[in-house]
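From first to last, the protein sequence lines stand for chains A and B.
So for the first sequence, this note's numbering puts the first residue at 304; every next one is plus one.
So for the second sequence, this note's numbering puts the first residue at 1148; every next one is plus one.
One should not assume that every hint holds.
[To be verified] Pairs of lysine-lysine residues, derived as DSS-like cross-links and limited to a Cα-Cα distance of at most 30 angstroms, are as follows:
(1) B:1177 x A:401
(2) A:377 x A:401
(3) B:1245 x B:1262
(4) A:324 x A:345
(5) B:1256 x B:1177
(6) A:377 x A:324
(7) A:401 x A:390
(8) A:305 x A:377
(9) A:324 x B:1256
(10) B:1245 x B:1256
(11) B:1177 x A:305
(12) B:1177 x A:324
(13) A:390 x B:1177
(14) B:1256 x A:345
(15) A:305 x A:345
(16) B:1262 x B:1305
[Claimed, not checked] Partial list, derived from the structure: chain B residues whose beta carbon lies under 8 angstroms from chain A:
(17) 1177
(18) 1178
(19) 1185
(20) 1186
(21) 1188
(22) 1201
(23) 1205
(24) 1252
(25) 1253
(26) 1337
(27) 1338
(28) 1342
(29) 1344
(30) 1345
If you are wondering where the hints come from, they were derived from the structure by calculation, not from laboratory data.
Positions of the beta carbon are idealized from the N, C-alpha and C atoms, including for glycine.
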Amino acid sequence: MKILLIEPDNLLAEIYVRVLKEEGHTILRVSSAQAAITQADKLSPDIVILELQLPFHNGIEFLYEFRSYSEWQKIPVIINTFADIRKIFISSSLGVSKLLYKPNTSLRQLLRAVNYAISVTS
Amino acid sequence: MFSLKEEEGNYLVEHIANDRLLRAVAEQLKLPLLQIVHLADLMQSSQEESDLRNVRYVAQTALQLVDGFLLSADSRNQEVFQLEPVSIASVLNDTAHKLTPMARQNECKLELSVKGRYEPVMANHRFLESALMLLGYGMIESRSADSDNRQVLLAAHKSNRGLVAGVFDDLPAIGIDSLRRGRALFGDTRQPVPSAFSSSSASIFVADALFRAMETTLYPARHRRFTGLAATFHLSTQLSIL
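Please work from the sequences and hints to get the whole structure.
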């Protein structure tokens, strides 16, 4: 599966890439919303993993733009964020398949969320 | 002379500022702690030397942030803080050396740009070193970019107002309004300077507090073609004799 990872922190990104690659996925990592849109166009990802706290445009802005293209409306998006998810309202129209709070999410839980999203899509 | 009410007011303002800074620091500390947790998970299955190195470097970054916060909270204590003649060039040199592993980790080219000899300025060695380190951390780590070969400069130059020292890079400039808004919002919001930093920017605001303790302030500045954050220290002809 092709995964677009939108993660601003280099070390965390390196860790996620390593773990996801071990599972046999192809990963493309970007650190900003603008780059994510450009790369999504090139990669045609099967899944997106998104941090909401991004420089310039935040993850919600990315989601609105991403979902505005018809070919990306069904692609599962997993939010994995440092933002307090109890205080965030995300419209169901944005089609977020899983909302994870980073400090409480182990690598295994992230993988489980990815595998679940894959199983639902396929 | 201060009245009791004024003193109470000052104490309250300082207390609130420290409280906000503490919340920003706590928010930022989530990142290194999560990195350590994940690295520890990885190390269960693989014994890679680079993971161990990363754990060490992440923990050191976190310690620097905590230490910087404690220094800033202690700036009124004369046993901890006193102005003294400090050579900025030498502090920048030490800071560049310490920041090199982080720059490497973040695929940045870190350069020291201190041309010429500068006379000492009135500052505090420990505060200045901590402030520049934290500023460096903030500029290197929290300003992620998708471009390769990002350049970060630890630099000093003379201006009409004194000696300017700071950290600069080749990413879009941080505006004065963004910094001003960030100062008003840090601790209350998770991303106070969203146009420039993806984190709580605690390291930037702790550095700001340390610079303020040294009677100067952090502001957006320019060095050659680079932009960044810097502080100006007044040059004294008396100190140049020392």
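Results for each hint:
1. With a C-alpha separation of about 21 angstroms, the suggested pair residue 1177 of chain B and residue 401 of chain A falls inside the 30 angstroms cut-off, and the hint holds.
2. The straight-line distance between the Cα atoms of residue 377 of chain A and residue 401 of chain A is roughly 14 angstroms, inside the 30 angstroms bound, and the hint therefore holds.
3. Restraint check: the Cα-Cα separation between residue 1245 of chain B and residue 1262 of chain B comes to about 20 angstroms, which is no more than 30 angstroms; the hinted pair holds.
4. Between residue 324 of chain A and residue 345 of chain A, the direct Cα distance comes to roughly 19 angstroms. Compliance with the 30 angstroms bound is thereby established for this hinted pair.
5. For the proposed pair residue 1256 of chain B and residue 1177 of chain B, the alpha carbon gap of about 26 angstroms is at most 30 angstroms, so the pair holds.
6. Distance check on the hinted pair: residue 377 of chain A and residue 324 of chain A sit about 23 angstroms apart at the alpha-carbon level, within 30 angstroms; holds.
7. A threshold of 30 angstroms between alpha carbons decides the hint, and for residue 401 of chain A with residue 390 of chain A the separation of about 16 angstroms falls inside it, so the pair holds.
8. Proposed proximity of residue 305 of chain A and residue 377 of chain A is supported: the alpha carbons are some 14 angstroms apart, at most 30 angstroms.
9. The hinted pair formed by residue 324 of chain A and residue 1256 of chain B meets the criterion: a straight-line CA distance of about 27 angstroms does not exceed 30 angstroms.
10. Distance hint between residue 1245 of chain B and residue 1256 of chain B is fulfilled; the C-alpha atoms sit about 14 angstroms from each other, no more than 30 angstroms.
11. Distance hint between residue 1177 of chain B and residue 305 of chain A is fulfilled; the C-alpha atoms sit about 29 angstroms from each other, no more than 30 angstroms.
12. At most 30 angstroms may separate the alpha-carbon atoms for a hinted pair to count; residue 1177 of chain B and residue 324 of chain A meet this at roughly 25 angstroms.
13. Note on residue 390 of chain A and residue 1177 of chain B: the hinted pairing holds, with a Cα-Cα distance of about 17 angstroms set against a maximum of 30 angstroms.
14. For the suggested pair residue 1256 of chain B and residue 345 of chain A, the alpha carbons sit about 28 angstroms apart, so the restraint of at most 30 angstroms is met.
15. Taken as a hint, the residue 305 of chain A and residue 345 of chain A pair is honoured in the structure, with Cα atoms around 11 angstroms apart against an allowance of 30 angstroms.
16. For a cut-off of 30 angstroms, the pair hint linking residue 1262 of chain B to residue 1305 of chain B stands: about 10 angstroms separates their Cα positions.
17. Nearest Cβ of chain A to the Cβ of residue 1177 of chain B: about 5 angstroms, under the 8 angstroms cut. The hint holds.
18. Below 8 angstroms, beta-carbon pairs count as interface contacts, and residue 1178 of chain B has one with chain A at about 6 angstroms; its hint therefore holds.
19. A hinted interface residue such as residue 1185 of chain B counts as satisfied when its beta carbon comes closer than 8 angstroms to some beta carbon of chain A; here the least separation is about 5 angstroms, so the hint holds.
20. Annotation: residue 1186 of chain B was flagged as interfacial toward chain A, and the flag holds, the nearest CB pair being 7 angstroms apart, inside 8 angstroms.
21. The criterion of a C-beta within 8 angstroms of any C-beta in chain A is met by residue 1188 of chain B, whose closest approach is roughly 5 angstroms, and the hint holds.
22. For residue 1201 of chain B, the shortest C-beta to C-beta distance to chain A is roughly 6 angstroms, which falls under 8 angstroms, so the interface hint holds.
23. With a least beta-carbon distance of about 7 angstroms to chain A, the hint placing residue 1205 of chain B at the interface is held under the 8 angstroms criterion.
24. For residue 1252 of chain B, the suggested interface contact is upheld, since its CB lies about 7 angstroms from the closest CB of chain A, less than 8 angstroms.
25. Interface hint at residue 1253 of chain B: satisfied, since its Cβ lies 5 angstroms from the closest Cβ of chain A, which is below the 8 angstroms cut-off.
26. Below 8 angstroms, beta-carbon pairs count as interface contacts, and residue 1337 of chain B has one with chain A at about 6 angstroms; its hint therefore holds.
27. Here the hint on residue 1338 of chain B is kept, as its CB sits about 5 angstroms from the closest CB of chain A, short of 8 angstroms.
28. Interface restraint check: residue 1342 of chain B against chain A, minimum CB-CB distance 6 angstroms, threshold 8 angstroms, status holds.
29. Using the Cβ-Cβ criterion of 8 angstroms, the hint placing residue 1344 of chain B at the interface with chain A is satisfied: the shortest such distance is roughly 6 angstroms.
30. With 8 angstroms as the threshold, the beta carbon of residue 1345 of chain B comes within range of chain A, its nearest partner Cβ sitting at about 4 angstroms, so the hint holds.
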